[in-house]
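Participant: Residue numbers (the working numbering), protein chains in the order written: chain E, 164 to 488; chain Z, 112 to 483.
Keep in mind that the hints were calculated from the coordinates and are not lab data. Hints are supplied without guarantee of correctness; some may be wrong.
Facing chain E, according to a computed beta carbon distance under 8 Å, are these residues of chain Z, among others [what the hints assert, rightly or not]:
(1) Arg-368
(2) Ala-375
(3) His-376
(4) Val-387
(5) Leu-391
(6) Gly-395
Ideal Cβ positions, reconstructed from N, Cα and C, are used throughout, including at glycine.
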Amino acid sequence: MTSDSLDVDVRARFTAEGTEPFTVDAELSVREGETLVVLGPSGSGKTLLLETVAGFHAHEGHISHRGRDLTGTPPEKRGFGFVFQDYALFPHLTVRENVAFGSRYHDDTTDPDELLAELGVSDLADRTPKTLSGGEQQRVALARSLAIHPEALLLDEPLSALDVPTRQTLRADLVDLLDGVTSLYVTHNRTTARALADRIAVMHDGQLVQVGTPEEVFESPVSPFVARFTGANVLSESALSAVGDGEAEMVAIRPEHVVLDPATADFEAAVERVVREDATFRVSLSVGNGVGETTLDAFSDDPPAVGDTVGVRLPSRRVTRFTTT
Amino acid sequence: MSTITDGTSRFVGETFGRGAVVLAVVTVQAVAFATAVAVDQPTLYAVFALGSAAALVAASGGGWRGVAAATVGTLVLWGVLSTVGSLWMLVLAPVLLTLAVGLGSEGSEWTGVAAATLSTVLLVALGVPLALFFVRQDPALVAEKATNPEVHQMLVLSVYAPLLAALAALVCGVPLAYLLREGFPGQALVESLVDLPLVVPHSVAGLIVLFGFGRGAAFSDIRVLGTLVGMVIALTFVSAPFAVNAAREAFETVDSRLEFAARAHGASRFSSFVRVTLPLAARGILTGGVMAWARAVSEFGAVAVVAYTVQNYVSPLTLEETSAQHAPVYIFNTYTSQGLPESGAVATLLLLLSAGIFLLVRWAAYDDGGIL
Chain E
164 MTSDSLDVDV RARFTAEGTE PFTVDAELSV REGETLVVLG PSGSGKTLLL
214 ETVAGFHAHE GHISHRGRDL TGTPPEKRGF GFVFQDYALF PHLTVRENVA
264 FGSRYHDDTT DPDELLAELG VSDLADRTPK TLSGGEQQRV ALARSLAIHP
314 EALLLDEPLS ALDVPTRQTL RADLVDLLDG VTSLYVTHNR TTARALADRI
364 AVMHDGQLVQ VGTPEEVFES PVSPFVARFT GANVLSESAL SAVGDGEAEM
414 VAIRPEHVVL DPATADFEAA VERVVREDAT FRVSLSVGNG VGETTLDAFS
464 DDPPAVGDTV GVRLPSRRVT RFTTT
Chain Z
112 MSTITDGTSR FVGETFGRGA VVLAVVTVQA VAFATAVAVD QPTLYAVFAL
162 GSAAALVAAS GGGWRGVAAA TVGTLVLWGV LSTVGSLWML VLAPVLLTLA
212 VGLGSEGSEW TGVAAATLST VLLVALGVPL ALFFVRQDPA LVAEKATNPE
262 VHQMLVLSVY APLLAALAAL VCGVPLAYLL REGFPGQALV ESLVDLPLVV
312 PHSVAGLIVL FGFGRGAAFS DIRVLGTLVG MVIALTFVSA PFAVNAAREA
362 FETVDSRLEF AARAHGASRF SSFVRVTLPL AARGILTGGV MAWARAVSEF
412 GAVAVVAYTV QNYVSPLTLE ETSAQHAPVY IFNTYTSQGL PESGAVATLL
462 LLLSAGIFLL VRWAAYDDGG IL
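Required output: the full structure, derived from the provided sequences and hints.
Facilitator: In structure tokens form, the structure reads like this:
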């Protein structure tokens with residue numbers, strides 16, 4: 164841990180009416196200028212973690228940034244910017260007034276019009292938020308957060324309420340916008356995580372289960388949960404008796420690493436379903452071993468027909484083995 | 112032309128525009144009422160109101176066949192009414208229609224007609240007596256009262272003291288409403304205390320004020336009996352629940368994430384309240400203030416006990432010391448001492464003034480145009 168990093172080590176218990184108490188217990192460190200993506204399913208506690216870092220929930224443990232202890236600091240004194248999933252723009256203020264909202268509390272701010280131009284929405288400055296599309300609102304919300312030159316930016320699923328084309332455009336812009344900005348970014352979307360993250364922290368049931376580069380998390384998941392959540396096939400070894408060594412209980416392999424090639428096949432499988440996915444096809448294979456059947460997904464640019472039997476090879480260096488579940 | 116999606120006159124609204132429809136309906140109702148009064152048959156107007164409501168809704172849902180059916184139905188009702196001669200037929204007809212719709216096929220186009228006629232019974236019960244009250248006043252007597260200085264003082268006090276009470280209720284009630292929205296231990300107890308004046312008989316509320324603020328009580332240096340201070344305290348006591356509850360509802364509609372956003376971008380809790388929460392809740396708070404004011408204007412019991420005649424207060428208009436009575440007290444006093452016509456004339460003035468202020472506030476508070 165360097166003194167420049169945003170260090171978080173919190174334990175917090177949340178109780179809401181009508182739900183089971185939920186505990187978040189997480190330790191992470193966001194390095195200066197880095198984008199750390201917290202990736203986890205709905206209900207994993209990632210938003211609660213982000214809000215705790217922002218200062219909205221009581222907790223045990225410590226939060227510090229650049230060596231400054233923020234544990235007891237109220238949200239407005241932490242020097243963070245916050246971007247919400249549902250934009251949370253002030254409906255009674257114009258776009259320009261929204262972006263300028265924090266300027267009276269900060270000495271060093273950027274001119275709203277300059278930021279709006281940078282985000283490609285300068286023509287909206289005099290409108291009110293409710294007249295804007297989702298993508299436009301999120302650009303304004305980003306401008307509002309960036310205007311105060313936040314020491315770190317906290318983003319709570321900023322893309323998940325947007326339609327797919329808008330999301331893709333804004334995601335591409337975020338790659339540039341977040342460059343060099345210390346950011347803690349929460350999402351359940353692995354594509355977004357992989358596109359934006361310098362490092363990824365996978366969250367499950369209020370705990371961080373793996374922290375690493377996107378490469379490490381996607382290619383070397385530490386558990387079947389991480390493998391499944393990052394889009395890998397997870398199968399019991401017994402279903403793959405043809406390639407198993409009998410020692411692992413579960414194995415994982417990403418669909419893009421499954422090779423459909425009769426010449427080098429380890430075993431054969433029946434094609435159950437073929438679904439177009441952008442430029443390629445997702446091929447769902449039924450793998451049987453006489454005991455039961457399980458599904459294995461692969462990608463293919465030249466897919467076989469449904470019902471065909473194909474030869475399958477699982478390159479062993481691409482297979483992750485889990486001995487305990 | 113505006114497209115309306117709510118309510119009864121969708122069809123006519125889309126064809127002619129909303130404002131024009133409202134204006135036309137009001138004009139037709141006024142003419143019908145005037146005609147019925149002119150021929151000394153106010154009951155006829157009640158039948159007409161029922162029939163026109165049915166016809167309006169039928170026109171929006173069922174087209175001209177529905178209008179024809181509603182008209183025939185109303186004529187039959189009129190026939191029965193003039194034979195049996197009972198007001199109860201007026202209530203019975205919509206009830207029977209509603210029952211018929213309820214027992215009949217689901218989603219019938221007559222559901223709206225049944226709802227409209229049943230509602231019209233209530234509207235007639237509220238509106239017709241009020242309209243008859245106005246037309247049966249003696250204009251000369253109203254004009255005489257309107258130039259009476261004593262009545263002027265009464266009207267000024269009846270706007271002024273409730274205004275002070277509403278302001279007091281808002282100044283202390285808005286922070287309380289905010290705290291109630293946030294939630295705190297013992298909240299249920301505080302809520303019960305706030306709502307208590309709603310269930311306490313108002314003459315009892317007057318006694319409570321006397322016991323609490325009168326001689327030998329907690330704040331015995333304040334004179335409440337027969338003073339403006341006493342009257343305002345009594346009015347605040349009975350009207351505060353309206354201000355607090357309306358403000359609380361207004362605060363509850365403010366998305367807490369907006370307050371999060373304000374805090375996250377540097378606003379202190381107070382600054383976030385002033386710049387975000389308060390502006391977004393302003394309309395609801397203003398509504399609460401108007402309701403508290405209106406409630407205070409109409410208060411009789413507590414004022415009659417605490418300050419039957421308010422003595423030696425400084426009038427906000429003349430800035431001179433004067434004595435006067437709160438309107439409900441004054442009107443009751445006039446009724447018992449001078450009779451129905453005199454008190455009716457004074458009441459007319461109070462009603463006109465209240466309605467004027469109420470419409471003014473509504474017009475000011477709702478920028479979407481209107482009171483219609």
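Participant: If a hint holds in the structure, say so; if it does not, say that too.
Facilitator: Evaluated hints:
no.	hint	verdict
1	Arg-368	holds (4 Å)
2	Ala-375	holds (4 Å)
3	His-376	holds (4 Å)
4	Val-387	holds (6 Å)
5	Leu-391	holds (6 Å)
6	Gly-395	violated (13 Å)
Hint 6 from the earlier list is the only one contradicted by this structure; the remaining hints agree with it.
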